[in-house]
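Asker: Reassemble the complex: the two chains are provided individually, in unrelated frames, and hints are given to aid placement.
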Amino acid sequence: MPLIEAKGIKKVYRTGDIDLCALCDVFLTIDKGEFVAIMGQSGSGKSTFMNILGCLDKPTGGKYLLEGIDVGGLDRDELAAIRNKKIGFVFQGFNLLSRASALENVELPMLYDGLSSKERKQKAMYALMSVGLEGREGHHPNQLSGGQQQRVAIARALVNNAPIILADEPTGNLDSKTSTELMELFVKLNTESNITIILVTHEPDISGYSRRVIKFLDGRVVSDEVKESGSDEVRK
Amino acid sequence: MINIPSTLKISLRALRVNKMRSALTMLGIIIGVGAVIAMLAVGTGASKQIEQQISSLGSNLLMVVPGATSAGGVRMGAGTQSTLTLGDADAVLKECPAVSDVAPVLGGVAQVVYGNQNWSTGVTGTTPGMLNVRDWKLSTGRAFTEQDVKSATKVCLLGQTVVDMLFGGLDPVGQIVRIKKIPFAVIGILEAKGQDPRGQDQDDAIYVPVTTAQKKLFGTAFPGMIRMMMVKAKSTEALNTAEREINELLRQRHHIGQKQDNDFTVRNLTQMMQAAEESSKVMTMLLGAIASVSLLVGGIGIMNIMLVSVTERTREIGIRMAVGAKTWDIRLQFIIEALTLSLTGGAAGIVIGLSSSQIISSLAEWPTIVSPLSVLLAFSFSGLVGIFFGFYPAYKASLLNPIDALRYE
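Just so you know, the sequences run in chain order A and B.
Counting along the first sequence from 1, when you hit position 101 you're at 101 in this note's numbering, and nothing is skipped either side.
Just add 236 to the spot in the second sequence (first one is 1) and you have this note's numbering.
Accuracy of the hints is not assured; some may be wrong.
Straight-line distance between alpha carbons at most 27 Å, and here's what the computed DSS-like set of lysine-lysine pairs gives [as the list claims (entries may be wrong)]:
no. : chain 1 : residue 1 : chain 2 : residue 2
1   : A       : K58       : B       : K632
2   : A       : K86       : A       : K63
3   : A       : K118      : B       : K245
4   : A       : K121      : B       : K245
5   : B       : K470      : B       : K284
6   : A       : K188      : A       : K227
7   : A       : K215      : A       : K63
8   : A       : K86       : A       : K7
9   : A       : K85       : B       : K632
10  : B       : K390      : B       : K373
11  : A       : K10       : A       : K215
12  : B       : K386      : B       : K451
13  : A       : K227      : A       : K177
14  : B       : K330      : B       : K470
15  : B       : K245      : A       : K85
16  : A       : K10       : A       : K63
17  : B       : K245      : A       : K123
Hints in this document: simulated from the structure, not taken from any laboratory.
Chain B on its own, in the form it takes in the complex (with noise of 0.2 Å):
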C-alpha cells in the first residue's frame, strides 16, 4: 500500500533541504518550458499573420494579367502588354461556370485633393463586383452599382487611409473631392483591411467606376483596355477547373493558335499564400522542436541531480527499506520527488514564456500568439521528462540491497 500524501510530504522535505539545487535543476526545465511556449508563440504568430494577410487579398483569387511584350527580341515582363479589354471581364464572368465574380482593374496614381488638403494615391477603377472579389465591406455609405459603371458616373470610395489623410474627423459621404482636378462624389467608405501580403497599405486606395477611370482620369490605348483583372472563383477546389476556364476563353477571345504562348498570364494568388502559410508552420515546428531540446536536456539535469540524490541518501534508503519500505515506496519517492521538481519548474517556465512572448511582440513588433495546446503541451511534456528521467534513479535506489544501504557511509 502506497501512501501517496506522505510521499509526497518526503520528497518535498527533500527537495527543500537542498533548496540551491533544486532551484538551480528546476531551471533547466523552466527555460526548456518557457523556450518552447515563446518559440510556438512566435511561430504561430506568424503563421496567423500570414493568414489574416491571405484572408484581406480575398479568397479564392486568381489575377489575370496581360503578358509579356517583347521588342526585338527583348522581353519586357509580364503586365507591359496591354491585352485585356472589359469585354473580356464580361466575358468571363458569363461563360467560365466556376468563375462567381470578376473584378477589372485600370489604375494609376492620382492627386486628390479636399479643401486645403491633398494627398497621392492609387486609384482604381474597377466594377462593383470588386467588393465580393476582395471580400471587402463598406463601413458607411454605398457602394457604386453597374449603372454606375454604365454611364461612368464621377462617384468614388475611398479607403480609411485616404479618409484620415483628407477628412481628419470629418464625414466624407456626400463630400466632393478632385481627382487631377476632376470632382468626384465620395460615395462610401470601405472598412479598415490592413497591409497586404506584400506590406501595401490596402486601405491607402480609391475606387472609381473602371469606365470613369478609362475616359476622364487615366484613358486607354484602345477602347475598353484594362491593366489586368481579379477573378473569384465559387470554391477552392473550383481555383483549378477556374484557371483553365479562364485560359481556354481568353486564348479563343485573342484568337491564339495551337502553337502561340498565351499573351496573358493568370496567376492563383491562394496557392502561393497557402504555400508561404505551410512554410511558416513547419517553421513553427522547426522552432518548437528546437525548444524542445532544451527541455530534454533539462530532463537529464534532472536525472543527474537525481542520482546523486540517490547516492547521498543511499543509508536514508536503507533506513526505510529495513523498517518495511517495498520497491515501490522507494520508487514513488524518488519519482514524486523528480516529478516535483520537473512540474515547479514547468509551471514557472509557462510563466516565463507568457513574459518572453509578450516581451519579444513588443520589443521586436513580432505578432506572438500563446496558445493554450501548447502551454498545455509544454506542462505535460515537463511532467513525461520528471518521470522519464525519475525513473532510473528511483529505479537504481529500489534496487539496493538493504543491508549495503545501511551500512554505506
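So that you can see chain A by itself, here it is in the shape it has in the complex (with noise of 0.2 Å):
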C-alpha cells in the first residue's frame, strides 16, 4: 500500500464566473521512505498540491489517501488529529510562535495529543538535540538565526514521531551555507530515520539532494523522474 496516493486530485476556485483551475486531475503514488521534490514555477499549483498533502486544504474533487484511508471524508478534528500524527511541516517563513521558546514551540504539536508535561519535555528535549540545538531550548525566535528557526521548525515536525515531513521552500529564507546544511538534515532524517519528505521548491540545487523529481505546470504533473543513484535501492 502506498502511503500517499492522490487519484485525480482538483482544486477548483471560482472567481466570479471564471473557475480557475490549480489543480487538474492530479495522479500520484509516493512511497514510504522516498526523499521527493516538487518544483515548479509560483502558480503551479505545487503549493496547493502540498496543502492538500497536508490535509491543511480540501481538494475539489478527486480522492486523496493517506496510508489507505480516505482523507476527504473526514472532519475538521480527524484532520486536526492526522495532522498532529502524520504530518510534520516545516514552512518558509518559520511559522514559529514568536513569544514561546524553542521549547515552547517544540511541544506544541503534543499539547494536543495529551501529553504529560514531563514527557512532552522529554521529547521536545530529545528533538531539539537531534537538530543540533542543544542549549537553546531557552531561547525566542527572534534570539535565533533562520537557520536555527528553521531547525527549531524541524524539531517541531519530528517531535510526534510523524512518518511524513512536508516542507513548503524550506530554504527559501536562507543563504546558501545555511541552506546546505539544512538539507544535509533532512537528507539524515530521510536515510536514518525513513521519514518520507517531501519537498517544495524552485531552486534545482535544493531538488537536487532529493531521489526523485516531480514537475508541476499549469495545475498539472507534467514530469516525474527518479534519478537513479546508489542509495536508491537501499530504500526500496
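Answerer: Shown next, in the form of C-alpha cells:
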C-alpha cells in the first residue's frame, strides 16, 4: 500500500464566473521512505498540492488516500488529528510562535496530543538535540538565526514521530550555506529515520538532494523522474 | 484531549503581552462588578434601616387616634377632637380577641429638672402595656405597675437621651426629678431605641403612669381623656381582624349611628412601613439592574478586544491548527482568555465595590450593607459575561480555514 495516493485531485477556485483550475486531475503515488522534490513555477499548483497533502486544504474533486484512508471523508477534528500524528510541516516563513521559547514551540504538537508536561519536555529536548540545537531551548525565535529557527521548525515536525515531513520552500529565506546544512539534515532524517520527505522548491540545487523530482505546470504533473543513484535501491 | 493548564498558560501569556489593553478591557468589568456591589450595598442598607425602624416602632402595631373636629365647615384634621378615654382603651384590651395589648397615650412637652440640669422633653402618660406594645425593654430598674396607674403615683421611666442630658455619668434610678416642678421618682431606664421612621429620637422621652399625667401634669377636658392609644395585635395576620374589632367596639361605645362617620381613626402603621420597605427593595433591584448594565457594557468591551485579538493572531491560530489543534482547543484558548479577563476584573471589582461602599457610607452617611450573596452574584455574573462574550470570538477563530490562517499577513 502506498503511503500517499492522489487519484485525480482537483482544486478549482471560483472567481466570479470563471473557474480557475489550480490543480487538474493529479494522479500520484508516493511510497514510504521516499525523498520527493516537487518543482514548478509560482502558480503551477505545487503549493496547493502540498497543502492538500498536508490536510490543510481540501480538494474540490478526486480522492486523496493517506495510508489507505480516504481523507476526503474526515471532519475538521479528524484532519487535525492526522496533521498532529502523521505529518510534520516545515514552512518557508518558519511559522514559529514568536512569544514562545524554542522548547515550547517544539512542545506544541504534543500539547494537542494530551501528553504530560514531563513527557513533552523530554521529547522536545530530544528533538531539539537531534537537529543540533541543544542549549538553545530557552531562546525565543527572535534570538535565533534563520537557520536555527528552521531547525526548531524541523524539531517540531519530528517530535510526534510523524512518518511524513512536508517542507514548503524550507530554504527560501536562508543563505546558501545554511541551506546546504539544512538539506543535509533532511537527507539524514530520510536515510537514518526513514521519514518520507516531500519538498516543494523552485531551486534546482535544492531538488538535487532528492531522489525523485515531480514537476508541475499549470496545475498538472508534467514530469515525474526518479534519479538513479546508489542509495535508491537501498530504500526500495 | 484538552490540556487546561497549558491552555491557561498560553492565555495568560497572550494577556501579559498586551498589558495596557488587557487592563483597559478589565476596567469595564471592574467598574461593572464594583457598581453592582456598591449599588446593592446602598439599597440593602436602606431597606435594612427601614426594617430596623419598623421593628423599633414595635411589631403588629395599630394606632387609634380621635377623629377630626369640624367647626362651621372647617375640618381641623385627625386628632383635633378628643373622643377617646381610658375606658375605651380598657375595653379594647378586654373585648377584642385579636388584640394582645393596649397602651393609652396622653402627653405633652414639659421642662424636666434634676439638680442644676434641665431639659425639655416629651412626657407621655401610659400604662404598663406600653413596654409590650412597643417591644421595649428596660436597661435598669423596674417598670411601673397597674397599681401605680390606679393610684397615680409620681414615678417615671426615662429614655436614654434624657438620662444623658440630666445625669451625665450618675445612676438615675432612685433619684428624684422635677417635671413641671412636681417631684417624680425615677424607677427605671429604657433601653436605647434610636430614631423612629420619621427621624425623631425615641429615647428623648419620659414615661409616667397615664393617670398621673391626666391628674397632675396635663389635665383633661373630660375625665379619663387620652390623646390616642397604641394597640398591638396578636399577630401580623390578626392586624386586619383587630382593626375591624376595634372599629366595631368603638362605634358601639361612642354611640355612632349607621350613617355617621367614625369619630376616631385606626391606623395600621406596620402596613405603611411594610409598603415603604417594599419600595426600598424595588429600589435596590433597580439600582442593581442599572449597575448590571455597566457590567454588560464591560462584556461587550471584552468581546471587542477578543475579536481584535483573534484577527491579530490569525497566523498563530493557523500554526496551532497545522500542528493538530482541534476546534475546541482553539475555542477554549480564547474562552479562557476572555474568562481570565472577566474574572480578574471581577475580583478587582469586588475590592472596588467593597471600598466604595465604605466610602459612600462614611462620606454620605448612608448605611451600606454588602451581602456576601451580592458579591457572589456579581462575580459569577462577570464570569458568565466572560464566557458569553468570549464565545463568539473563540467560535470565529475555531472556524478559520487552516491554510487561510497560515497565509494571513
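Asker: Taking the hints in turn, state whether each one holds.
Answerer: Hints, verified against the model:
no., hint, verdict
1, K58(A) / K632(B), "20 Å, holds"
2, K86(A) / K63(A), "18 Å, holds"
3, K118(A) / K245(B), "16 Å, holds"
4, K121(A) / K245(B), "15 Å, holds"
5, K470(B) / K284(B), "24 Å, holds"
6, K188(A) / K227(A), "18 Å, holds"
7, K215(A) / K63(A), "20 Å, holds"
8, K86(A) / K7(A), "20 Å, holds"
9, K85(A) / K632(B), "25 Å, holds"
10, K390(B) / K373(B), "21 Å, holds"
11, K10(A) / K215(A), "16 Å, holds"
12, K386(B) / K451(B), "12 Å, holds"
13, K227(A) / K177(A), "24 Å, holds"
14, K330(B) / K470(B), "13 Å, holds"
15, K245(B) / K85(A), "23 Å, holds"
16, K10(A) / K63(A), "9 Å, holds"
17, K245(B) / K123(A), "20 Å, holds"
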